[in-house]
Amino acid sequence: MQKGDFSKDFVEKIAQDEPQWMRERRLEAYALYESLPMPHTTEDDTWRRTVDMRTQDYWRRTRRHLRGFAVDNYRPTIGQNGDTSVEVPKDSEDAAGVILQLDGQHQHTSLSAELEKQDVYFADLHTALKERDELLRDYFMTKAVTLETTLKSGNIATSNKFDALHGAFWQGGYVLHVPKGIRVEVPLRVYIRLSEEQHADLSHILVIAEENSQVVILEDNLSTNQEAGGLHSGAVEIFAGQNANVTYVQVQNWNRQVWNFASHRAMVSKDAKLCWVTATFGGRLNKLNQAIVLEGNGANAQMLGLAFTDARQHLDVSTAQEHVSPHTFSDLLYRTVLKDRSQTAWGGNIYVYPEANYTDAYQKNDNLLLSERAHADTLPGLEIQAHEVRCTHGATAGKIDTDQVFYLMSRGLSYAQAEKLIVDGFFEPVMERVPMESVREELQEFVSRKLET
Amino acid sequence: MCNDLIIQDLHVSVQGNPIIKGLNLTVKQGEVHALMGPNGSGKSTLAKGLMGHPFYEIDSGEVIFNDVDVLELEPNERAKLGLFLAFQYPTAIPGVSLANFLRIAASAVRSAETNGSENNELIPMREFRKELRAKMTQLGVDDSFARRYLNDGFSGGEMKRAEILQLAMLEPKIAILDETDSGLDIDAVRIVGESVSSLVGPELGVLIITHYPRLLDYIRPQFVHILLDGRIVESGGWELTQVLEAEGYDPMREKYGIAETVQENTI
Chain A
1 MQKGDFSKDF VEKIAQDEPQ WMRERRLEAY ALYESLPMPH TTEDDTWRRT VDMRTQDYWR
61 RTRRHLRGFA VDNYRPTIGQ NGDTSVEVPK DSEDAAGVIL QLDGQHQHTS LSAELEKQDV
121 YFADLHTALK ERDELLRDYF MTKAVTLETT LKSGNIATSN KFDALHGAFW QGGYVLHVPK
181 GIRVEVPLRV YIRLSEEQHA DLSHILVIAE ENSQVVILED NLSTNQEAGG LHSGAVEIFA
241 GQNANVTYVQ VQNWNRQVWN FASHRAMVSK DAKLCWVTAT FGGRLNKLNQ AIVLEGNGAN
301 AQMLGLAFTD ARQHLDVSTA QEHVSPHTFS DLLYRTVLKD RSQTAWGGNI YVYPEANYTD
361 AYQKNDNLLL SERAHADTLP GLEIQAHEVR CTHGATAGKI DTDQVFYLMS RGLSYAQAEK
421 LIVDGFFEPV MERVPMESVR EELQEFVSRK LET
Chain B
1001 MCNDLIIQDL HVSVQGNPII KGLNLTVKQG EVHALMGPNG SGKSTLAKGL MGHPFYEIDS
1061 GEVIFNDVDV LELEPNERAK LGLFLAFQYP TAIPGVSLAN FLRIAASAVR SAETNGSENN
1121 ELIPMREFRK ELRAKMTQLG VDDSFARRYL NDGFSGGEMK RAEILQLAML EPKIAILDET
1181 DSGLDIDAVR IVGESVSSLV GPELGVLIIT HYPRLLDYIR PQFVHILLDG RIVESGGWEL
1241 TQVLEAEGYD PMREKYGIAE TVQENTI
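First to last, the protein sequences are chains A and B. With the first letter of the first sequence counted as 1, position 385 gets the number 385 in our numbering; the numbers rise by one all the way through. With the first letter of the second sequence counted as 1, position 112 gets the number 1112 in our numbering; the numbers rise by one all the way through.
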């Protein structure tokens, strides 16, 4: 394995064995990355709660801190990782397919014989570049996560800085392609790990579920070393074809030293169903952009978010529910618990395009603050251009309720037990919609650990 | 160990306003007491103060239970000693099933009984379920109750029955019932009254706080106390309820020179 840096030379080095088109895309992304400043102004609204705005009074109290970040502190890599100490976790035993990745480098892939026979394709992205050139050329950063976001002013959004970084230096990640009509009943599991100091994970995830297919992916991202600083700059692209049924669960539990930047975008076709669960526990600073695009009539998407921050963690999530076609449905529920001095910002928008009549869209963000020093900003939003729509949105932020604590304690529960029960109850509306028992248990476990520290 | 609840010269205030002004009362295990008083007399303040709600300030006095002054203890420690409060307005805990909560509560209270130390070990699921089902049958509570979120969307009657179910499961030595009959129709009062009555015995002392004698038709108290303006002005037997039924509180107010108070502070 060879360590590099975020330079043009290293882009060339990464691309040397790749198809020409990929090399070009990388260089194009690099050029954009070079030309853009770090997000720093209020012009790009989705970043204003994360960039350091200490010069402006309103934000002074909140100590936002992108300022401590320098990309040059981290090292992208190429080549095989010599460290084979990280094993495939036991809970993968029942999975139909498994991918394990460490420090940006692929370690292990398996896929059941049955799925192989059905032409399900599941591989790390580098292998896929060799084996599925056309598929990748068609989908890779062309339709979902792209580098084309511009602001109302006509300027290119500085938020693209990280997408461009990703586009230029991406390493690792995987592609899952489920052919037409194939219904995969058993979940596939992905484990993405960071272990070494200074390492960068630039995973790119591509899920393509063709017409009438079905698939469940459970992915977790975590640090095996709790002290090592790291960088994650990732992208997730999901395509749910006509009448497909896709469930994608991502659990993020990086350590508190990892800077986490990601753009996730899903395209939902006619009559397709997407259930998308994003759980966030880790990271030093998290900036996540997550969007669903309801492209075809009858498209249906659920976005479920569960987050628990503590210490001085910062979590900033921007979500978009884009209703492009008529008769589309989306339902977002994000629930966050905050401890200590952690800070979160959630800004969500429902966009209803002029043609998208009979849109039915929901959006709800609730925050539970366990400490006086925690701070949650929540900004729901609607932009409706069609006439026949039903949209509801809401947001709440509140401290833990004294009467609830008293009631539970009067029954013999300690403060810690009462707090845990209230937190569990707060997450329950999200949990009960999480499709798998095993995932619910894993999430419960992470929640409990957060409460104990 | 003495399982009597002994309240001595208790003074409680809410946001600086004195509400309980020197109250004395002893409830022994196995006894049923009724504390009656009009709105604003301090009934709920007494109940929440005894259980340790942080909003209610204890200005002076003692509450001795199990040989310790419980006023020094956290609400959960009071519960572990065997004190129970059935709330007038039970708090909803969305997302938490009654069964799940009650298993944790019963485990906490019982571990205290057996070894007195902190112990988070839960009663085995099967054992707990069996017991819960038996208690629910005994009290005529529907099975679906166990899975519902605690007090969330419960009707008035359901909330009170859930309180009594908790009382049955936690097996306290002294239970305070804070206006358990309020907001209930006649049938619901009967059901709740009969349920409580079925739990009363030598192991349980009960303090029923109410301003109507209605509930008392089902649970006959041996002792009746009249609370006016934060003090017990008269104590007696069943006959006192008859006096109140016939005359209301006004003659009593006149007798003790207490003006009618405005609506009680509810928090």
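FYI, nobody ran anything at the bench for these hints, they're computed from the structure. A virtual CB, placed ideally from N, CA and C, is assigned to each residue, including glycine. Errors might be hidden in some of the hints.
Chain B stretches covered by chain A per the calculated footprint, using a threshold of three residues with CB under 8 Å from any CB of chain A [unchecked claim]:
hint : stretch
1    : 1207 to 1214
2    : 1221 to 1227
Using 25 Å as the maximum straight-line C-alpha spacing, the simulated SDA-like pairs for lysine to any residue come out as follows [what the hints assert, rightly or not]:
hint : chain 1 : residue 1 : chain 2 : residue 2
3    : A       : K420      : B       : E1121
4    : A       : K420      : B       : A1146
5    : A       : K450      : B       : N1100
6    : A       : K364      : B       : A1146
Here are the in silico distance ranges between beta carbons for each label pair [to be verified]:
hint : chain 1 : residue 1 : chain 2 : residue 2 : range
7    : A       : G181      : B       : Y1089     : 15 to 23 Å
8    : B       : V1068     : A       : R390      : 53 to 61 Å
9    : B       : D1152     : A       : K180      : 49 to 57 Å
10   : A       : G394      : B       : M1125     : 35 to 43 Å
11   : A       : E87       : B       : D1152     : 39 to 47 Å
12   : A       : E445      : B       : V1068     : 31 to 39 Å
13   : B       : P1094     : A       : Y415      : 13 to 21 Å
14   : A       : E185      : B       : P1094     : 32 to 40 Å
15   : A       : E227      : B       : V1068     : 24 to 32 Å
16   : A       : E87       : B       : I1064     : 13 to 21 Å
17   : A       : G398      : B       : Y1212     : 30 to 38 Å
* Asked: When you take the CB atoms of G398/A and Y1212/B, is the distance between them in 30 to 38 Å?
  -> Roughly 36 Å apart at Cβ, these two residues keep to the hinted range, so it holds.
* To do: With respect to the beta-carbon atoms only, verify the hint that E445/A and V1068/B lie 31 to 39 Å apart.
  => Since E445/A and V1068/B have Cβ atoms about 38 Å apart, the given range 31 to 39 Å holds.
* Asked: Does the Cβ-Cβ separation between E185/A and P1094/B fall within 32 to 40 Å?
  -> Roughly 33 Å apart at Cβ, these two residues keep to the hinted range, so it holds.
* **Supplied distance hint 39 to 47 Å, evaluated on CB atoms of E87/A and D1152/B** => Between E87/A and D1152/B, where Cβ atoms are some 43 Å apart, the hint holds.
* Asked: Would the pair K450/A and N1100/B pass a check requiring their Cα atoms to be no farther apart than 25 Å?
  -> It holds: about 21 Å lies between the C-alpha atoms, which stays within 25 Å.
* Verdict for E87/A, I1064/B (Cβ pair) under range 13 to 21 Å -> At roughly 60 Å between Cβ atoms, I1064/B and E87/A fall outside 13 to 21 Å, so the hint is violated.
* **Cβ separation of E227/A and V1068/B, checked against the hinted range 24 to 32 Å** => Violated, since E227/A and V1068/B (Cβ atoms, about 46 Å apart) do not stay within the stated range.
* Given pair status - A1146/B, K420/A, alpha carbons within 25 Å -> Judged against 25 Å, a Cα distance of about 19 Å means the pair holds.
* Could you see if the CB distance from G181/A to Y1089/B stays within 15 to 23 Å? => violated (56 Å)
* **K420/A paired with E1121/B [C-alpha distance capped at 25 Å]** => holds (15 Å)
* chain A covers the stretch 1221 to 1227 of chain B, three or more CB atoms within 8 Å, holds or violated -> violated (count 0)
* Asked: When you take the CB atoms of D1152/B and K180/A, is the distance between them in 49 to 57 Å?
  -> violated (45 Å)
Of the numbered hints listed earlier, those contradicted by the structure are 1, 2, 6, 7, 9, 15, 16.
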